[in-house]
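Asker: Here is what each chain is made of, one letter per residue.
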Amino acid sequence: MRAQLLQELGKKIDFTYFEREDGTIAVQASGFPLVDGDTVARLEVDTRQPTPLADPTYFNVFYNINGQVSGPITPRITGGSLGGNLSMRDERVPQYRELLDRFTFTLANSVNTQHLAGAGIDDGNARNFFIDRLSGGPNPPGDPLTAVSGAARLITVNPDIVANSRHLATGAPSAGPGPAATGDNTNALALAGLATTQVPFFLAGDPPGPATGATQTFGAFLSSASGALGADLQNVRLDLQKGDLVIAELEDRRGSISGVSIDEEVSDLVRFQRGYEASARVISTVDELLQILLSI
Amino acid sequence: MGTRISDVNVFLRAVRSTRLNRARLNETQNQVSTGKRFASVSDDPGSVSRVIDLKSSRARIEQFGRSIESSRAQLENSEAALSTLSNAMIRLRELTVSADIEDADFDKIQPEVEQIFSELVAIANTRVGDRFLFGGFATDAPPVSQTGVFTDPAPIVAYNGDDGQIFSQIDESQQILTNETARRVFFGSTDGDDLADGPNVSLFDTVQELRNRLADPQANGRPTDMLDELDAGLDQVIQARGRLGARLARLETTGNQLDSLDISIETERSSLEDIDLVESIIELQSREQTLQASLGVTARIIQPTLLNFLS
Numbered sequence: 000m001r002a003q004l005l006q007e008l009g010k011k012i013d014f015t016y017f018e019r020e021d022g023t024i025a026v027q028a029s030g031f032p033l034v035d036g037d038t039v040a041r042l043e044v045d046t047r048q049p050t051p052l053a054d055p056t057y058f059n060v061f062y063n064i065n066g067q068v069s070g071p072i073t074p075r076i077t078g079g080s081l082g083g084n085l086s087m088r089d090e091r092v093p094q095y096r097e098l099l100d101r102f103t104f105t106l107a108n109s110v111n112t113q114h115l116a117g118a119g120i121d122d123g124n125a126r127n128f129f130i131d132r133l134s135g136g137p138n139p140p141g142d143p144l145t146a147v148s149g150a151a152r153l154i155t156v157n158p159d160i161v162a163n164s165r166h167l168a169t170g171a172p173s174a175g176p177g178p179a180a181t182g183d184n185t186n187a188l189a190l191a192g193l194a195t196t197q198v199p200f201f202l203a204g205d206p207p208g209p210a211t212g213a214t215q216t217f218g219a220f221l222s223s224a225s226g227a228l229g230a231d232l233q234n235v236r237l238d239l240q241k242g243d244l245v246i247a248e249l250e251d252r253r254g255s256i257s258g259v260s261i262d263e264e265v266s267d268l269v270r271f272q273r274g275y276e277a278s279a280r281v282i283s284t285v286d287e288l289l290q291i292l293l294s295i
Numbered sequence: 000m001g002t003r004i005s006d007v008n009v010f011l012r013a014v015r016s017t018r019l020n021r022a023r024l025n026e027t028q029n030q031v032s033t034g035k036r037f038a039s040v041s042d043d044p045g046s047v048s049r050v051i052d053l054k055s056s057r058a059r060i061e062q063f064g065r066s067i068e069s070s071r072a073q074l075e076n077s078e079a080a081l082s083t084l085s086n087a088m089i090r091l092r093e094l095t096v097s098a099d100i101e102d103a104d105f106d107k108i109q110p111e112v113e114q115i116f117s118e119l120v121a122i123a124n125t126r127v128g129d130r131f132l133f134g135g136f137a138t139d140a141p142p143v144s145q146t147g148v149f150t151d152p153a154p155i156v157a158y159n160g161d162d163g164q165i166f167s168q169i170d171e172s173q174q175i176l177t178n179e180t181a182r183r184v185f186f187g188s189t190d191g192d193d194l195a196d197g198p199n200v201s202l203f204d205t206v207q208e209l210r211n212r213l214a215d216p217q218a219n220g221r222p223t224d225m226l227d228e229l230d231a232g233l234d235q236v237i238q239a240r241g242r243l244g245a246r247l248a249r250l251e252t253t254g255n256q257l258d259s260l261d262i263s264i265e266t267e268r269s270s271l272e273d274i275d276l277v278e279s280i281i282e283l284q285s286r287e288q289t290l291q292a293s294l295g296v297t298a299r300i301i302q303p304t305l306l307n308f309l310s
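Chains V and A, in that order, are what the protein sequence lines are. Heads up: the first sequence is residues 0 to 295, going by numbering that gives the first Met the number 0. Heads up: the second sequence is residues 0 to 310, going by numbering that gives the first Met the number 0.
For reference, chain V alone in the conformation it holds in the complex:
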């Protein structure tokens, strides 16, 4: 029973244990004693977070022994499904999120720069094409995104333009600031040209300064990002296969030590049964002898 509970625990977290002389065991997980004799500590989760996590709704893990609660020990949890989920949440996913944010911010920035240079056909006001969903700002021009972090979450098309497509700056401002002619598509061509233009990508710390990341096209950025994601996934899958093999090997060994072979058990059973029959035979023989003796 105890071995089975430990096996269950092992699926959730990396731990070590040892057995004391009195038969009780001590369990340590991530360097924290969980069970020692009759003392039990608990792991708790809470949104309290003295250390900042990527999202305010994320839980931190705390260590609670007899009501004494430690600081957050989230980064120290390793192994098991708990450790796996935590590292996915706090390391892997934020990496991909940052890629998406960098892409979004750079795209919004390039499109805005080009869009501001043109004019719509109702008035000559410059407008940002992509704006910050939350801050909005006075329109025109509308507040652009200011930080890489969260860009993918905050980006939206300027509602001024959504409401009136005549504000799309497809043309060049004609002769000084003023509306563009209706058939003028020079700026639209320039905007479409962004698809194949090499632009420097923003890194998380760049704004409000210029972009310092690698210079490439938007398509190249996305395809290398999805390639990297795929490679990561493939590695994880290989690790999983490797882990499965190790587990299989260990299960085999445990089975060969603690498992039962029906053949062996049954032959033992038969052997002991025969032994029992033999000794019963001895007893009945002795009994017969005694009866003979008594009847003399």
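Please note that a few of the clues may not be correct.
[To be verified] Covered stretches of chain V (in silico footprint by chain A; criterion: 3 or more residues with CB under 8 Å from a CB of chain A, positions within the stretch not fixed): (1) 179-190; (2) 231-245; (3) 265-279.
Keep in mind the hints are simulated off the structure, nothing from the lab. In this text the structure is predicted, and so the values were computed from the model without any measurement. No residue lacks a Cβ here, since even glycine has one placed at the ideal position from N, Cα and C.
Following the hints, complete the assembly by docking chain A onto the known chain V.
Answerer: Positioned in the frame of chain V, the structure of chain A alone reads:
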């Protein structure tokens, strides 16, 4: 003594190998039923990102195809309008030549010339849908308007458009001009004003003068002296049609190039992404057999213990 094999081991191994074979079968089944070699990016990251590239190239080619179609419509409409215009110019020349005959009936020719003048204004204001073709970027208002009567001094027609050149992106590296302006075709100007340059003439001024000569040859001169100017005008229109024709031909060539590029991209995508059906089905059958075999073996291994042989 050999390795001790407990029943737990046997069961575990049977479950494991059945599970593995089933997973393999499932993978092949997916490939056959979707026709795709990979279900997610991790199956083959290199190929998948190449396939993404190829798909976006195809999407762009499709967009270029649409641009080519709309440019073609624009150019063909312009060309149709200018073809009417050159017919009108040819008719004017015929009328002028006929005015050379003794006792020619100028009174009958003059109204037709006036009629053709109005036709010229209408052609310059040709509109497709809600777009005026010959006004440059100013597509929302008639590019020319008559500002006076025939007896006023020339010019009596004003240009209200601009010199906007509407380009269309027709492949990764080419843009094509999709419009001609009335300023160039009708006014014969190449430098941004409304006055004819070089060998060009203003069609409106020429027709106006022809009409005035027909009305009063004594004061304004013989109509037949206008033949040279009419020829220059016709030449100017034919040149514009030539430019449109050349651009239409270029659209055709580019369209064909894009079509063949599209095919070669699709071929590459297919070779990366699509399965070879025959090969996959054979694979499917072989994996199915492996699974059945492992199930069969499991059933046989699990059954016999010593118990079966003790009576």
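Asker: Verify this for me: three or more residues of the segment 179-190 of chain V with a beta carbon less than 8 Å from a beta carbon of chain A.
Answerer: holds (count 8)
Asker: For the segment 231-245 of chain V, does the count of residues with a C-beta closer than 8 Å to a C-beta of chain A reach 3?
Answerer: Since three or more residues must qualify, the claim that chain A covers the segment 231-245 of chain V holds, with 5 doing so at under 8 Å.
Asker: Do three or more residues of the segment 265-279 of chain V come closer than 8 Å to chain A, measuring C-beta to C-beta?
Answerer: As far as the segment 265-279 of chain V goes, the hint holds, because 3 residues have Cβ atoms under 8 Å from chain A.
In summary, the structure agrees with every hint in the numbered list given earlier.
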